[in-house]
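Colleague: Sequence:
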Amino acid sequence: MTTPLDDAALTAFLEGQETSWLAEQLIMAADDDPITRIRLCAAAGAESAADEARTALLDLVADHLPEEAEEDPAEGEELHRAIDLLDDLVEYGFEDEAARIATEALADYLARHGDDGGEHLDRLREAAGEG
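Residue numbering for the sequence shown follows numbering that gives the first Met the number 0, beginning at 0 and increasing consecutively.
Hints in this document: simulated from the structure, not taken from any laboratory.
No residue lacks a Cβ here, since even glycine has one placed at the ideal position from N, Cα and C.
Wrong hints could be hidden among the right ones.
To be verified - The calculated label-pair distances, taken between Cβ atoms and stated as ranges, are:
#: 1; residue 1: Asp30; residue 2: Asp83; range: 18 to 26 Å
#: 2; residue 1: Gly15; residue 2: Ala61; range: 39 to 47 Å
#: 3; residue 1: Glu74; residue 2: Ala98; range: 21 to 29 Å
Kindly produce the complete structure, drawing on both the sequences and the hints.
Modeller: Structural data, given as structure tokens:
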């Protein structure tokens with residue numbers, strides 16, 4: 000029986016790999032996960048990253064079901080990851096864009112779901128500078 004590698008063992012393995020192999024693995028992971036792709040594009044300085052983050056966040060706000068997220072925390076995990084993108088945008092130099100996206104997402108959340116007092120709403124308020 001095999002056991003999963005812990006973070007230290009996985010890190011040691013990855014540090015020993017060639018850059019081209021690592022890049023290929025990241026691209027494959029990003030192909031399966033749009034939020035990871037947006038994060039990598041933001042790190043690379045791609046102007047499109049902010050637009051893609053906006054689209055992803057607003058889509059997830061629209062699809063969010065607050066009552067289901069209360070019962071099943073995994074239900075809102077993708078929305079949390081999309082909100083995390085705002086921090087990534089700031090880290091990679093897209094401060095103004097992140098603020099605009101946060102403000103728009105907050106307004107959309109309130110229009111769709113009202114002031115539900117949930118964690119997603121709190122995080123959007125904080126990202127929009129209202130928290």
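Colleague: Compare the structure with each hint and give your call.
Modeller: Right, here's what the structure says about each hint:
Separation of Asp30 from Asp83 is about 20 Å and conforms to the stated range, judged on CB atoms against 18 to 26 Å. A hinted range of 39 to 47 Å holds for the C-beta pair Gly15 and Ala61, which are about 43 Å apart. In this structure the supplied range 21 to 29 Å holds for Glu74 paired with Ala98, their Cβ-Cβ distance being about 27 Å.
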